[in-house]
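**Student:** Could you build all of it, start to finish, from the sequences and the hints given here?
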Amino acid sequence: MLRGLYTAAAGMITEQRRHDTATQNIVNMNTTGYKQVNSVNRSFPEMLITLTSGDANLPTKRLGRLNSGVFAEESLSMNVQGALMETKRNSDFAVSSNINVDDPQTFEPIPFDASGKFVGADGTVIYQPQAYFTVRDAGGNTRYTRDGHFEVNGTGQLLTSTGSQVMDMDGQPIVLTGSVEQFKVDEAGRLVNAVTGAPTDVRLGISIIDQPNQLVRQGDGNYSLNEENGATARMMGAADVVQIHQGYLEGSNVDASQATVDMNAAFRAYEANQKVIQFYDRSLDKAVNEVGRV
Amino acid sequence: MNNSMISAKVSMTAIQQRLDVISDNIANVNTAGYKSKQASFEDVLTRTQQQDDKYKQDGRSTPMGYNLGFGARLVNLTRDMSQGSMMETGNPTDLAIEGNALFAVQSNGQKVWTRQGAFHFVPDMRPKANPNDPDLMVLVNGDGHLALNRQGEPVTAPKDSTVAFDEKGNLLVRQGNGNAVIRGQLQMVDIERPEGLVQLGENLFGLDAGVTEDDVFGANAATRESQASIRTGFLEQSNVDMTQEMALLMQGQRTYQLAARALTSSDSMAGLANNMRA
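So the protein sequences, as listed, match chains A and B.
With the first letter of the first sequence counted as 1, position 265 gets the number 265 in the numbering used here; the numbers rise by one all the way through.
With the first letter of the second sequence counted as 1, position 57 gets the number 57 in the numbering used here; the numbers rise by one all the way through.
Calculated from the structure, these hints are not laboratory results.
Note that the structure is predicted; figures quoted are calculated from it, not measured.
Hints are supplied without guarantee of correctness; some may be wrong.
[Said to hold, decoys possible] Dumping the calculated DSS-like pairs for lysine-lysine here, alpha-carbon to alpha-carbon at most 30 Å:
no., chain 1, residue 1, chain 2, residue 2
1, B, Lys37, A, Lys88
2, B, Lys37, B, Lys128
3, B, Lys54, A, Lys117
4, B, Lys37, B, Lys9
5, B, Lys111, B, Lys159
6, B, Lys37, A, Lys184
7, B, Lys111, B, Lys128
8, A, Lys117, B, Lys56
9, A, Lys184, A, Lys88
10, B, Lys168, B, Lys111
11, B, Lys9, A, Lys275
12, A, Lys286, A, Lys61
13, B, Lys37, B, Lys111
14, B, Lys168, A, Lys184
15, A, Lys88, B, Lys168
16, A, Lys286, A, Lys275
17, B, Lys159, B, Lys128
[As the list claims (entries may be wrong)] Have a look at the derived ranges for each label pair, beta carbon to beta carbon:
no., chain 1, residue 1, chain 2, residue 2, range
18, A, Ala138, B, Asp241, 33 to 41 Å
19, A, Asp201, B, Asp241, 31 to 39 Å
20, B, Gln17, A, Val119, 41 to 49 Å
21, A, Gln182, B, Thr243, 23 to 31 Å
C-beta atoms are modelled at their ideal positions from N, C-alpha and C, and glycine is treated no differently.
**Tutor:** Pasting the structure below:
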């Protein structure tokens, strides 16, 4: 059959995925701590095309390589800082970080670009580690989140908006003793004694994920870490440039115009693939109803 | 297939709810003691499309699987308990709280709390224990709810007496040419955990299910002296910030438009697929 028919069909499916992803970005424009997702497309593996003729004496002729389609390979989160919005609520937090990593060869700090990525001379890509709040979900699993819209329940537990417990540096849930009014946290994430103003030993558990792309969305604002590829989480150290902003929330980092353009581009590419299918259909029509007519 | 359609629809519902919250705030911009509310969103993901190992190609930077989101939803409403501005009324029974506290009042026999301090005295119509007791008047707020004192009883004063409140909510009563005497104290309680409160109608707050008074206000809040103080002759206005609400309204409207646009776009895509064989 006509090879391109399937290629165009694969194209339509892929553009549908891209459209879904762009829609997801658009509708999460106001979601606290949401990170824009980009759909990465990849062509099907190449295959070799050979011309075969009916005559066994003639050599077969290689025509070249062909990709027979495209698929949506991965949904890549853009782990850059969203805008900070002031809410003045004591239980709202935003985390901002700029974590330095030294190049293993040169021992120089890696100059990450604005999207938190560095492409080395040999093409290796290094992603900048990012800071996350450490939380424990209802199933007791450790999760990470950028959504610092916390609340204090009746028993003083600090919870995320979806009910996960916020953890401290020692991996214990944070429980407040005083009122929310007296809940103060300094820039390093230490809870401050309301009376004396001195930092206490309790500290918000900020995890540093060295490969943020290995985080998997859980669909409730939380991420889990996939450790199969060697990604690790560690608690924030003294050398890390991480700031905690109390009374602020981190907005979504979705770029509205970019998302709209992505959506329109996906739509038109879908349409173009549909047209290609129609052209193939017309060719088949000719082959079947005109060439084959007796 | 119609993933975008679902996420656009789910999110339009959520944005609509947020617009409802904003219009509630704007409608109450002149309600004494009203506390503004804020809605927050969360992304919804219900499906990770599984990819087997054949999908693993060089240069991939995420774990296997393709995330499919299904829009955003409204997760919770938080109330901004910050101080509203003060408006002078000159009425000695108009009380405004300065600080983070609530008045305890009685509504339909239930103990509830409010910031609305437009109190006034009305004749006590309750049956007397003893027919010879002097006629009393009771303190009610603007919506007719009985104000409670530290003992949990309605605040009363003898009829035809002169009344005043001090900054701690003590009721000072003077009869004829006598000296003013303290007759109980308004039950004003500090809020420790505002999340334990739910909004009821008529500017009242009640306790959330499973939450006790001690959880929200601390132990023995009813009898403990509050850290807040009272300004007599003033009413606390709503703390709704019109500028912020209008900005949020515009933001919500634009996001709604974009989500509707995404819905139209995925509808056209479905049309394209249907008309492939024209």
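**Student:** Holds or violated: B:Lys111 and B:Lys159, Cα atoms, limit 30 Å.
**Tutor:** holds, 25 Å
**Student:** If you draw a straight line from the CA of B:Lys37 to the CA of B:Lys128, is it 30 Å or shorter?
**Tutor:** Distance of about 42 Å is beyond 30 Å: violated.
**Student:** Given the hinted pair A:Lys88 and B:Lys168, is their alpha-carbon gap at most 30 Å?
**Tutor:** Given pair A:Lys88, B:Lys168 holds - Cα atoms ~27 Å apart, limit 30 Å.
**Student:** For the pair supplied as a hint, B:Lys168 and A:Lys184, is the alpha-carbon distance within the 30 Å limit?
**Tutor:** At roughly 27 Å apart (the allowed maximum being 30 Å), A:Lys184 and B:Lys168 satisfy the hint.
**Student:** Need the status of pair B:Lys37, B:Lys9: alpha-carbon distance at most 30 Å?
**Tutor:** holds, 24 Å
**Student:** If I claimed the Cβ atoms of A:Ala138 and B:Asp241 lie 33 to 41 Å apart, would that claim hold in this structure?
**Tutor:** holds, 35 Å
**Student:** Is it true that the C-beta distance of A:Gln182 to B:Thr243 lies inside 23 to 31 Å, as the hint says?
**Tutor:** holds, 29 Å
**Student:** Keeping to a limit of 30 Å between CA atoms, is the pair of A:Lys286 and A:Lys275 held or broken?
**Tutor:** The hint holds at about 17 Å.
**Student:** Given the hinted pair B:Lys37 and A:Lys184, is their Cα-Cα distance within 30 Å?
**Tutor:** Holds: B:Lys37 and A:Lys184 sit about 22 Å apart, inside 30 Å.
**Student:** Compare the distance between the alpha carbons of B:Lys9 and A:Lys275 with 30 Å, and conclude whether the hinted pair is satisfied.
**Tutor:** holds, 28 Å
**Student:** Taking 30 Å as the top limit, are the C-alpha atoms of B:Lys168 and B:Lys111 close enough?
**Tutor:** Holds, because 21 Å separates the two Cα atoms, which is no more than 30 Å.
**Student:** Does A:Lys88 sit within 30 Å of B:Lys37, going by the straight-line distance between their CA atoms?
**Tutor:** Distance of about 13 Å is within 30 Å: holds.
When each numbered hint is compared with the structure, a violation occurs for hint 2 only.
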